[in-house]
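Asks: Guided by the hints, dock chain P onto chain G, whose structure is given.
The lines below spell out each chain.
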Amino acid sequence: MTTLPQPIPSANKRLFATLVIVVLVWLAAYNLIQPLADWLSYSALGLSRESHLGESLAFFLYDVPKILLLLSGMVFAISIVRTFFSPERTRALLGGKREGVGNVFAALLGIVTPFCSCSAVPLFIGFVESGIPLGVTFSFLIAAPTINEVAIILLFGLFGWKVAGLYVASGLVVAIVAGFIIGRLKMERYVADFVWKIHRSGDVVEEKLTWPDRIERAWESVKEIVGKVWLYVVIGIAVGAGIHGYVPEDALASILGAQAWWSVPVAVLIGIPLYSNAAGIVPIVGTLIEKGASVDTSLAFMMSVIGLSLPEAVILKRVLKMPLLVTFFAVIAVAIMLTGYIFNWIL
Amino acid sequence: MLAIKVLGSGCTNCKKLEAVTRQVVEQLGVQAEVVKVTEYPDIMAYNVMSTPGLVINEKVVSSGRIPSPAEITIFVTNAIEAAGAS
Numbered sequence: 000m001t002t003l004p005q006p007i008p009s010a011n012k013r014l015f016a017t018l019v020i021v022v023l024v025w026l027a028a029y030n031l032i033q034p035l036a037d038w039l040s041y042s043a044l045g046l047s048r049e050s051h052l053g054e055s056l057a058f059f060l061y062d063v064p065k066i067l068l069l070l071s072g073m074v075f076a077i078s079i080v081r082t083f084f085s086p087e088r089t090r091a092l093l094g095g096k097r098e099g100v101g102n103v104f105a106a107l108l109g110i111v112t113p114f115c116s117c118s119a120v121p122l123f124i125g126f127v128e129s130g131i132p133l134g135v136t137f138s139f140l141i142a143a144p145t146i147n148e149v150a151i152i153l154l155f156g157l158f159g160w161k162v163a164g165l166y167v168a169s170g171l172v173v174a175i176v177a178g179f180i181i182g183r184l185k186m187e188r189y190v191a192d193f194v195w196k197i198h199r200s201g202d203v204v205e206e207k208l209t210w211p212d213r214i215e216r217a218w219e220s221v222k223e224i225v226g227k228v229w230l231y232v233v234i235g236i237a238v239g240a241g242i243h244g245y246v247p248e249d250a251l252a253s254i255l256g257a258q259a260w261w262s263v264p265v266a267v268l269i270g271i272p273l274y275s276n277a278a279g280i281v282p283i284v285g286t287l288i289e290k291g292a293s294v295d296t297s298l299a300f301m302m303s304v305i306g307l308s309l310p311e312a313v314i315l316k317r318v319l320k321m322p323l324l325v326t327f328f329a330v331i332a333v334a335i336m337l338t339g340y341i342f343n344w345i346l
Numbered sequence: 000m001l002a003i004k005v006l007g008s009g010c011t012n013c014k015k016l017e018a019v020t021r022q023v024v025e026q027l028g029v030q031a032e033v034v035k036v037t038e039y040p041d042i043m044a045y046n047v048m049s050t051p052g053l054v055i056n057e058k059v060v061s062s063g064r065i066p067s068p069a070e071i072t073i074f075v076t077n078a079i080e081a082a083g084a085s
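Chains G and P, in that order, are what the protein sequence lines are.
Be aware that the first sequence starts at 0, since it is given in numbering that gives the first Met the number 0, and climbs by one per residue.
Be aware that the second sequence starts at 0, since it is given in numbering that gives the first Met the number 0, and climbs by one per residue.
Source of the hints: derived by calculation from the structure; they are not laboratory data.
There could be a bad hint or two in this list.
Claimed, not checked - Coverage of chain P stretches by chain G, computed from C-beta distances (three or more under 8 Å per stretch; other residues unrestricted): (1) 0-13; (2) 39-53.
Claimed, not checked - Cross-link-like lysine to any residue pairs, in silico, SDA-like; alpha carbons within 20 Å at most: (3) Lys12(G) <-> Leu23(G); (4) Lys207(G) <-> Ala69(P); (5) Lys227(G) <-> Thr11(P); (6) Lys207(G) <-> Pro68(P); (7) Lys207(G) <-> Thr76(P); (8) Lys290(G) <-> Phe158(G); (9) Lys65(G) <-> Phe104(G); (10) Lys222(G) <-> Ser67(P); (11) Lys65(G) <-> Gly226(G); (12) Lys316(G) <-> Cys10(P); (13) Lys15(P) <-> Lys65(G).
Beta carbons are placed, not taken as given, at the ideal position from N, Cα and C, and that holds for glycine.
So that you can see chain G by itself, here it is in the shape it has in the complex:
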């Protein structure tokens, strides 16, 4: 796990110097994107500022490098934070917490604990078997994939901190409420029997990480995540740029912005079978918001796409019996809808 900050040996100084230079280059590049994008589209290519093509192209040339830079920088920062957390540590922190408080903690830890949906089952078993209440475990299992770091970064980059904050807040509310409800339903008997019979042996692996280790791990995850999502980001922004340039402002307001009672549930239901990663869906959803689709409906749709997925259901089927699996999905879907309505009402 973690060690106390150690005095930095001279061999590490070079690493830190490199890091500082990288940060400076990053900042310079980030500030150069706008003038470069404008220059390329309007001066070098001679497109008019008023033309659809000019506007779309400038938007695309600005957003793609901006988002990719933001993504690399922030994934790096988040990954450094995550090296201080591990599922084992989270489990220890959650042990002995009552329901209620436990749900809140679990949802918050879901944001910072490194998580991959392929580990959902071992994590579930590890939590439940160590005595963490079922509902608290679910709060964690809902928050971890739903409050997705790529989604947060993209929302922040494309729409600012308010929309990003709203997304994190709704994710937390959904995870806490849904986990709490599942806990109240007392569905322990619908957990696959083998889970309760597992006999564990051996101690938890504890890793001692040094700062160079942390930096290396963070760099590895930047390469992995950016490598995986960059194409989706480019395609997503290209579609977004097209809409930005060609669709008139508020054109969608009458369809998606309508405060019809059914718009939120319909958005959530459509979102469940759609399984996309955050990288592809955010730029599109975002542009829809810009063109007048309502923020709450769009966020509900996005959460349902990212948080409720059929592949995850298939994975969880191994440890949850049908009634619990169905309840799990139904409760989250309802919770997402309710959050949608609450924001509808607040905003």
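Replies: Coordinates of chain P only, in the frame set by chain G:
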């Protein structure tokens, strides 16, 4: 003879880890048996909560990530030393 186990239900990362491990073992020319452990009860017996996990001679050396070939080399040589010492 080392007993190496790769813990994981068959996700991409688990397959990658298995491939890297086999490569390292081959390069080092070590006598080792690499086995995949895919059943959850068996994985959980090692108290591992994030896959893929790597177990050498019943000792968990890493979990939740794919260590670099250099790291695996260190794990393997450490295990050989430990086995020689006992």
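Asks: Now look at each hint and say whether the structure bears it out.
Replies: Here is how each hint holds up against the structure:
For the region 0-13 of chain P, the proposed coverage by chain G is satisfied: 6 residues have a C-beta within less than 8 Å of a C-beta in that chain, meeting the threshold of three. Check on the region 39-53 of chain P: 11 of its residues sit with their Cβ under 8 Å from a Cβ of chain G, so the three-residue criterion for coverage holds. At roughly 17 Å between alpha-carbon atoms, Lys12(G) and Leu23(G) fall within 20 Å of each other, so this suggested pair holds. Distance hint between Lys207(G) and Ala69(P) is fulfilled; the C-alpha atoms sit about 17 Å from each other, no more than 20 Å.
Between Lys227(G) and Thr11(P) the alpha-carbon distance is near 13 Å, which keeps this suggested pair within the 20 Å criterion. Between the alpha carbons of Lys207(G) and Pro68(P) the distance comes to roughly 19 Å, so the proposed pair stays at or under 20 Å and holds. Proposed proximity of Lys207(G) and Thr76(P) is supported: the alpha carbons are some 19 Å apart, at most 20 Å. Proposed proximity of Lys290(G) and Phe158(G) is supported: the alpha carbons are some 13 Å apart, at most 20 Å.
Distance check on the hinted pair: Lys65(G) and Phe104(G) sit about 33 Å apart at the alpha-carbon level, beyond 20 Å; violated. For a cut-off of 20 Å, the pair hint linking Lys222(G) to Ser67(P) stands: about 14 Å separates their Cα positions. With a C-alpha separation of about 16 Å, the suggested pair Lys65(G) and Gly226(G) falls inside the 20 Å cut-off, and the hint holds. A hinted pair counts as satisfied when its Cα atoms are at most 20 Å apart, and Lys316(G) with Cys10(P) qualifies at roughly 16 Å.
Proposed proximity of Lys15(P) and Lys65(G) is contradicted: the alpha carbons are some 32 Å apart, above 20 Å.
Taken one by one, the earlier hints fail for this structure at numbers 9 and 13, listed in ascending order.
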